[in-house]
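Given next are the chains, with one letter for each unit.
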Amino acid sequence: MSESLLEIRDLKMHFPMKQGVFQRTKNEVKAVNGVSFTVNKGETLGIVGESGCGKSTLARTIVGLLKPTSGDILFEGESILQYNAKEFHRLRRNIQMVYQDPFTSLNPRMRAGDIISAPLKAYNQTDNLKNRVLELMDLVGLKAEDYHKLPHQFSGGQRQRIGIARALALNPKLIILDEPVSALDVSVQAQVINLLEDLQEELGLTYLFIAHDLSVIRHISDKVGVMYLGKMMELSESESLYKNARHPYTNALLSAIPIPSSAREKKRERIVLTGELPSPSEPPSGCVFHTRCPFATEFCKGNVPAFDVDEDNSPGHYVSCFYPMDNKREEFARQ
Amino acid sequence: MLRKKRNLIPFLFLILLFLATITASWWLPVSPSFMDSSLRLMAPSSEHWFGTDHFGRDIFGQTIIAARVSLLVGFTVALLSTILGTVTGLIAGYYKKLDSIIMRIIDGMLAFPSLLLALALVAALGGSITNIIIALTFSFWPVMTRVVRSSVLQVKNIQYVEAAKTSGVKDPVILSRYILPNVLSPIIVQGTFIFAKSILAEAALSFLGVGVEPSIPTWGNMLQEAQIYMTMAPWFSIFPGIFIVITVLALNILGDGLRDAFDPYAKGKKKAKRRPFKRKEQIAS
Amino acid sequence: MLEVKNLKAHIDTADGVVKAVDGVSFTIKPGETVGIVGESGSGKSVLAHSIMQLNPKPPTFYPEGEILFEGKNLLQLKEKELQNIRGNEIAMVYQDPMSSLNPVFKIGDQLMEAILTHQHMPKSKAKMRAIELLTDVGIPDPEKRLNAYPHQFSGGMRQRVLIAIALACNPKILIADEPTTALDVTIQAQILELMKSIQDKYGTAIVLISHDLGVIAQMAEKVLVMYSGRIVEKGSVEDIFYHTSMPYTWSLLRSLPQIDAESRHRLFNIEGQPPNLIHPPNGCNFHPRCPFATEQCKMVDPELTKRSANHYAACLLSEVEFKEGKKRIENAEKEGGLKHV
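Residue numbers (the working numbering), protein chains in the order written: chain A, -2 to 332; chain B, 397 to 681; chain C, 19 to 359.
None of these hints come from the bench; they were simulated from the model. Among these hints, one or two may not hold up.
For lysine-lysine, the following BS3-like pairs were computed, each having C-alpha atoms within a straight-line distance of at most 27 Å [stated by the list, open to error]:
hint, chain 1, residue 1, chain 2, residue 2
1, A, Lys83, B, Lys561
2, A, Lys146, B, Lys493
3, B, Lys492, A, Lys170
4, C, Lys324, C, Lys26
5, A, Lys146, B, Lys561
6, B, Lys401, A, Lys118
7, A, Lys140, A, Lys38
8, B, Lys552, A, Lys83
9, A, Lys64, B, Lys552
10, A, Lys127, B, Lys401
11, A, Lys264, C, Lys124
12, A, Lys9, B, Lys400
13, B, Lys400, A, Lys15
14, C, Lys90, A, Lys263
15, B, Lys566, A, Lys146
16, A, Lys83, B, Lys493
17, A, Lys9, B, Lys401
18, C, Lys124, C, Lys145
19, C, Lys162, C, Lys219
20, B, Lys492, A, Lys127
21, C, Lys145, C, Lys219
22, A, Lys118, B, Lys561
23, B, Lys566, A, Lys83
24, A, Lys15, B, Lys401
25, B, Lys401, A, Lys64
26, C, Lys90, C, Lys124
27, A, Lys140, C, Lys316
28, A, Lys64, B, Lys400
29, C, Lys23, C, Lys124
30, A, Lys9, B, Lys492
31, C, Lys124, C, Lys96
Computed footprint of chain A on chain B; a stretch qualifies when at least three of its residues, placed anywhere within it, have a C-beta under 8 Å from a C-beta of chain A [stated by the list, open to error]:
hint, segment
32, 548 to 562
33, 573 to 580
Built from N, CA and C at the ideal position, the CB exists for glycine as well.
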């Protein structure tokens, strides 16, 4: 295996909910509640989950916008949480981010060229600035004459290209993509996905790709992690996860996605989950998924399943469930 | 923005007033301070367009000259309170820890009605143009701080600020390049309103007799002197009054025009095309 | 039951006239599900709002066309007559369940108001009907929930309430404008399931507007594909997904990542951006982005022509030319872009 670039160890990010005149902490929103994974150099890890599962909080914690409650983040083997401000500034150039909404992630009063050069200026790399910016614009498929245009003069897809060029400006090693295509039109979505794939190949980038769309995640990721209520439910090589999903939640998600093909759509069997997402401030006891799980037992209510791997049958396929969905389910159920 | 007639007329008026008042000594046929007791309280005529006052001075000339002080006080107060208010507002809005300290002070100042605060300050400092400017700035900048702070609170949560932080951009640059330009329109609009308000406030203070010393002609001083001649010589109070109204109105219209002009989307074609599509959410079945 | 004939809905803006809907014809039969698919700006929402006459006039105006509902032309009805049809005969469900409910009224009051607007009955009876409707849309504990406010409901629950409001008067047609776009996939599955079961129970015709070809494939029997204000292809789901006859539909299908794909190949790139609706391109609206476009496409504006029984497409290419073009692109992809995992 190739070497690891980013390692997350039991990361927790809890937000205190303050109430009343004296701002007493009443409760905590456990947005990320014990997540561990590794991203290797040059690969793409996809993180998928519904809204409120903590995937965006996870991204913002990794780029250092939030200070985690506990756990550790290792970048190239070094824990970045102990860094002082100066070291952190130096690290930041290696971890860049692309945002979901191409309309709010660009300063409406800065021209495209200035937006892309902002990170270079922040790191005093101002030699040949304009040429470097034009090079980046060319790389993401923008024309040189777009340099002086304002964001509102671009379409959504082109704006997202500006956002990508900005993230690339400092030659980062890791790019965190937070729902980069979900705000785009269907016909433009493919353009941006293809661009991201080309850039990865050309520049040897590592991606942490966060999305709610399982089809997009499958298309772009080497490894996929499924999150639910701040916890990782399942993590494995993409192929193994999609062909042989072991967690009931992953299976439900997969079966809930409508396929753009009417014949296959009609043949499919669905696991329609009942109920709603519980609040992350009061997560259910035991396995957090038990309130909506069609296979939950009394045991699931009281015990927290470990995030475990069955090395004999499915190596590298981590799952956090007492009754993973494979042939052993019946055995467990009988016991 | 000035292409619109609605904005052009008040703009031209203010420019004209400004030019007229600074060059007044060259073109006014009669010196406004020239007294002629035989011409006391004359009605408007071709020689004295606005009539004469109780010392026989030309009211037209007096009104034009008086604009000097009014515009000077208004502009300086607007500029000073904009600078002070913007700096404190940016800091209070961006840094959470300083917010509560700054805002408690501001709240304390806002608890007094601004004119009353100015009145008390002038009474304590003594009436002079400088003191009036100080007093009015003191009573108007807390409003500006509030306006700027609330805009900053909105803007700093927009994603491009977060994106700038992740790109390693430092706080001073974020404040000046990412936040300030995007809160500029409420600042400028509020600034013009403060301009208008301080002209009114200066006039009010002078009218109450605590403003600029009575020897200097200002609209407020003129009104104060005209008070007792209200029924005998109404033109004495009407013309300075009209000038106050028109100037304040012009500034307010200009402020509104600036607000429209500063919307970065208003000029963009995209938005105009989108608007009809967007409206659908507002219609309920 | 509903027939739209050559409908044009144009919008007057500062920059010119936007031809949001430009000559659209189709019919809806009782109890069927018609899917309208298209990207943002393709005119699908304006079309849906035209049926309900909910586009603000001005700036919207209808230079041509008819919307016949049970023989009456909706474009010529007075506001009062329209109100009798809106909500009563044709009802609508919106995309955003967060802003479509009034936050200061209780769910029960909003539901009862919808019932009492069109039906005369005592309040107690309306309340019974409200409880029945909430049960129909799968809201547990409906009697208690009547007294809840919208903010106490999650997104999926609110969408259920909106569907209940839409169903209040047993409409003949339910227009659902992106009803699941704002929802999570597992909740989307619940809502789609609910819409199907309601159709089975009441025989309501559903017009489902979506940008998601997957949702359309799952729900619709008949599909209209819209591009820049026109219908470019219409037919049964099978026609659209398996006998695609229009390059736009074909490209769109190929550009989607598929969850059950066998191998990971490069997504098909549709070049460019959707056209400007104020100055649409000459000839076929899709020609600047079409991988098969010929010189002729730049000049001639194609009409919808019959391809098979109920299948129409607007494209100048003959079946053979289209087939050859597809083969050419598929071969090129096989040589260059196929990326196996």
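Do the hints match the structure? See the list:
| no. | hint | result |
| --- | --- | --- |
| 1 | Lys83/A <-> Lys561/B | holds, 14 Å |
| 2 | Lys146/A <-> Lys493/B | violated, 37 Å |
| 3 | Lys492/B <-> Lys170/A | violated, 32 Å |
| 4 | Lys324/C <-> Lys26/C | holds, 21 Å |
| 5 | Lys146/A <-> Lys561/B | holds, 23 Å |
| 6 | Lys401/B <-> Lys118/A | violated, 42 Å |
| 7 | Lys140/A <-> Lys38/A | violated, 31 Å |
| 8 | Lys552/B <-> Lys83/A | holds, 23 Å |
| 9 | Lys64/A <-> Lys552/B | holds, 18 Å |
| 10 | Lys127/A <-> Lys401/B | violated, 41 Å |
| 11 | Lys264/A <-> Lys124/C | violated, 41 Å |
| 12 | Lys9/A <-> Lys400/B | violated, 57 Å |
| 13 | Lys400/B <-> Lys15/A | violated, 50 Å |
| 14 | Lys90/C <-> Lys263/A | violated, 37 Å |
| 15 | Lys566/B <-> Lys146/A | holds, 24 Å |
| 16 | Lys83/A <-> Lys493/B | holds, 22 Å |
| 17 | Lys9/A <-> Lys401/B | violated, 60 Å |
| 18 | Lys124/C <-> Lys145/C | holds, 13 Å |
| 19 | Lys162/C <-> Lys219/C | holds, 25 Å |
| 20 | Lys492/B <-> Lys127/A | violated, 36 Å |
| 21 | Lys145/C <-> Lys219/C | holds, 21 Å |
| 22 | Lys118/A <-> Lys561/B | holds, 13 Å |
| 23 | Lys566/B <-> Lys83/A | holds, 12 Å |
| 24 | Lys15/A <-> Lys401/B | violated, 52 Å |
| 25 | Lys401/B <-> Lys64/A | violated, 54 Å |
| 26 | Lys90/C <-> Lys124/C | violated, 36 Å |
| 27 | Lys140/A <-> Lys316/C | holds, 25 Å |
| 28 | Lys64/A <-> Lys400/B | violated, 51 Å |
| 29 | Lys23/C <-> Lys124/C | violated, 40 Å |
| 30 | Lys9/A <-> Lys492/B | holds, 24 Å |
| 31 | Lys124/C <-> Lys96/C | violated, 31 Å |
| 32 | 548 to 562 | holds (count 8) |
| 33 | 573 to 580 | holds (count 4) |
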